[in-house]
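K.L.:
I would like the entire structure built from these sequences, with the hints used as guidance.
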Amino acid sequence: MKLTLWTYEGPPHVGAMRIATAMKGLHYVLHAPQGDTYADLLFTMIERRNHRPPVTYTTFQARDLGADTANLFKDAARDAFARFQPQAMIVGASCTAELIQDDPGGLAEALALPVPVIPLDLPSYSRKENFGADETFFQIVKALARPMERTKAVTCNLLGPTALGFRHRDDVTELTRLLGTMGIAVNVCAPLDATPADIARLGAAHFNVLMYPETAETAARHLEKALNQPFTRVVPIGTHATRDFLAEVATLTGLPLPAETGLRQPWYAASVDSTYLTGKRVFIFGDGTHAIAAARIAAKEIGFEVVGLGAYNREQARPVRAAAKTYGLEALITDDYLEVEAEIARLQPELILGTQMERHIAKRLGIPCAVISAPVHVQDYPARYSPQMGFEGANVIFDTWVHPLVMGLEEHLLTMFREDFEFHDAAGPSHHGGKAQARAETPVAAVDASGGDTSAKMKGEDVASGEVIWLAEAERELRKIPFFVRGKAKRNTEKFAADRGVTAISIDTLYEAKAHYAR
Amino acid sequence: MSLDTPPRGCSDTPVLKERGQREVFCGLTGIVWLHRKMQDAFFLVVGSRTCAHLLQAAAGVMIFAEPRFGTAILEEKDLAGLADANAELDREVARLLSRRPDIRQLFLVGSCPSEVIKLDLARAAERLNATHAPHVRVLNYSGSGIETTFTEGEDACLEAMVPGLPATQDEGLLVVGALPDVVEDQMLGLLAAIGVPNVRCLPARRSSELPAAGPRTRVALVQPFLGATHAALVKRGAQPVSAPFPFGAEGTTLWLHAVAQAFGIPRDRVEAVIAAPRARAERALATVSETLRGKRIFFFPDSQLEIPLARFLARECGMVPVEVGVPYLHRELMGPELDLLPEGPVLSEGQDVERQLDRVRTAQPDLTVCGLGLANPLEAEGLATKWAIELVFTPVHFYEQAADLAGLFARPLRRRALLTPEAAE
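Chains as they are written, first to last, in our numbering: chain A, 1 to 519; chain H, 1001 to 1425.
Quick caveat, the hints were computed from the structure, so don't treat them as lab data.
Just so you know, not all the hints are guaranteed correct.
Chain H residues, not near chain A, derived (Cβ > 12 Å throughout) [said to hold, decoys possible]:
1) A1130
2) P1277
3) T1420
If the Cβ cut is set under 7 Å, some of the chain A residues that face chain H in the computed set are [claimed, not checked]:
4) T4
5) P11
6) Q34
7) L42
8) N395
All values derive from a computational prediction rather than experimental measurement.
Even for Gly, the Cβ is constructed at its ideal location relative to N, Cα and C.
P.N.:
If you want it as structure tokens, here you go:
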């Protein structure tokens, strides 16, 4: 038993729903009690889908348990087939139905429906959403894809985009365009917008592009083995990764590298206005694939310092740990959001790149934040074209990450005129909306814009101060430091003091520390 | 508007009973508002990752640093008997309470998986009470989807509190149902002015304000989904007040009169108190209902508020209910409402969502009230919708909110007219 407040991933059957909802002509019959239909609203509300997920829930009740839940399942499956006439069905159980052990696969087989019926075995009490998506897609591919003659021209399949994915729709468009510049057409994109008939003709492609290992790695490995289709290992998020990806495709196909078009990110990062980005301390957390990609971009393409890197999906723990090591870090692999919050509070980064959860943590701690990975909320399904992959994705990422920060010249002005009554740090970056609050004339002692950490305090650990105390005048001086670097200054000073056995921080200690950490 | 019973209400209307896929939340969802209402309570769901995910999705955004609810997620080893689930639960509760010393009431909330594996949360609550009383009272109820639908979770929660209410011999009124604080205060003001003695609320905002119940306690419900709590209080000897629910000016008036009558308070005293707020409500309603008059409305089953709301919209806003679906029909509590609801709509109980969708497509109502899973798909098909869950999350009871309640239904129609003027007549 494990106490959870917020979860990064849903149960595995929600992963199966992400596959079913992405596809067309497929129907999912889910043995589940009333209430499990909540999952529909993830798709219709958060992603604003204009169709219900193609899922039939058997909706068994307590009174059915002693009686005949198996027949309930059979009726539901038969009715769903008659009503929706799918090309194929997937059948399975949610967490409660798993306990009553009705065997949806066997029951569906007994119906002898005239279409392929693919049983799913998704252990709800040990696995989670990404596993559910990956396993479901693999089972569908295994059941339907057969070896076949390759297309004359070089083609590929795009594997992995699902419903409720982070920018999957736009990534597909961007990669299709990018591969088009090499003369490579997309044979099938799956699961997004694919029918079971499309899955059956996956084998016509010369190779597979594995877009998201979280949802399609097992299927890609199966196709490599069963259909002899190689797949790409590089996930093209960021300028460098996109170039590596194109090189990988060129090697696989023997086609020449295309000319780069539309890439602005490297020049934007090189332009002098971006100098202020140098060495900004970022904390990165998300699914393994997006977190690793974000760290590479942050460190190599924007010039940030990566101070924390982690992922919530244990399946990707190994590559995330390896990536973290290259930045001299120990990866944070956890799905406990309080643990992530405590780590962020401890590190006091200047920017957080994370999920919807980290967005909330950032808001509480007063740290700028940009979203890089699922799970995300409705505002991260933008109306505009906004990919993460390819060269346009690199442009989008640059804009998205820089936006939450105070801009270079403004940063200087804030430092110079920190006492100005309307141009002070509680006013926030000037290019963001919202009314600037007038600065309180006498600073309130308890208020600290770097953010206290309530939950950590509740655990009885005072993360920030330790044994060191701040003398009043030093604390006043600290408050004069702009909010976006105050957390770092506080942390550095305290570490400096602690390392030297100083227990009371004076103004001198503060500036000694500043000199010590100067770079 | 008339307070007369229409020549024929819906009391004798045959009910279409449906069985099939239900597009309704389970009772766990009630935690989303109950944990805000009871400020020193924590709700610990004993369930699966699905339960945690449901609460997170139903809560919309994760706005709380540390919400006063959580899920003790059952894991493989709990099910395989490798771990003693009770020992695990005790450990998690102890951890939780040591971290949240502000918590005075802890609800262990049963879920589908905990019910199916027959984890006895009543005994667990007893055991934990022995450890943590008197600082924390531990109670239990089930919010599982196999037993409860959406708002029935609040019913189960309040029912669980009934045995722990202190006894009293005093005359008084117990108002049952979680109301937003501002509405509760308005109601208490009205009842005080009318002269109703000793008014208390269940649930109370804090555990120290727990109301008492006894043979001279009158019980009035402000929410239509509290049948089990109602029965438990009556079983303790309290006397029920039968009335329509206080939605709209008419519902509020009838509810207050019924309460006053139970205490032998003369009608003219009530009339004197309500004259001004009632006139205000009617004035405000007259404006809002212009958008609604003559429009046809279809209710999917959701919160159990459907019948009282259909009555309000039909009688005070001039809408025409086409179908009124409810998760279940509680004849006794709904009696006064069915008497008032004008004859005409199909009354349906339970759900087969596919067949109901067929009916709504045939009916082509002007407004469809449904859950969040159906709203956008129906909008995409050209039907205007109102999300039912907003009706439970918004202050809608009593006079001052009557026009706001009507406004919730008018807004989707006004919005449509704004965005596609050519589609609106």
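K.L.:
Determine for every hint whether it applies to the structure shown.
P.N.:
Now the hints, each set against the structure:
1. At roughly 20 Å, the least C-beta separation between H:A1130 and chain A is larger than 12 Å, which holds for a residue marked as non-interface.
2. Annotated as non-interface, H:P1277 keeps its C-beta farther than 12 Å from every C-beta of chain A; the closest such distance is 35 Å.
3. Against the 12 Å criterion, H:T1420 stays outside the reach of chain A, whose nearest CB is about 16 Å from its own CB.
4. A cut of 7 Å between beta carbons decides the hint on A:T4: the least distance to chain H is about 5 Å, and the hint holds.
5. At about 4 Å, the closest approach between the beta carbon of A:P11 and any beta carbon in chain H falls short of 7 Å, and the interface hint on this residue holds.
6. For A:Q34, the interface hint holds, the least distance from its beta-carbon to any beta-carbon of chain H being 4 Å, beneath 7 Å.
7. Hint status for A:L42: holds, given a least beta-carbon distance of 6 Å to chain H, under 7 Å.
8. A cut of 7 Å between beta carbons decides the hint on A:N395: the least distance to chain H is about 29 Å, and the hint is violated.
Violated hint for the displayed structure: number 8, the only one.
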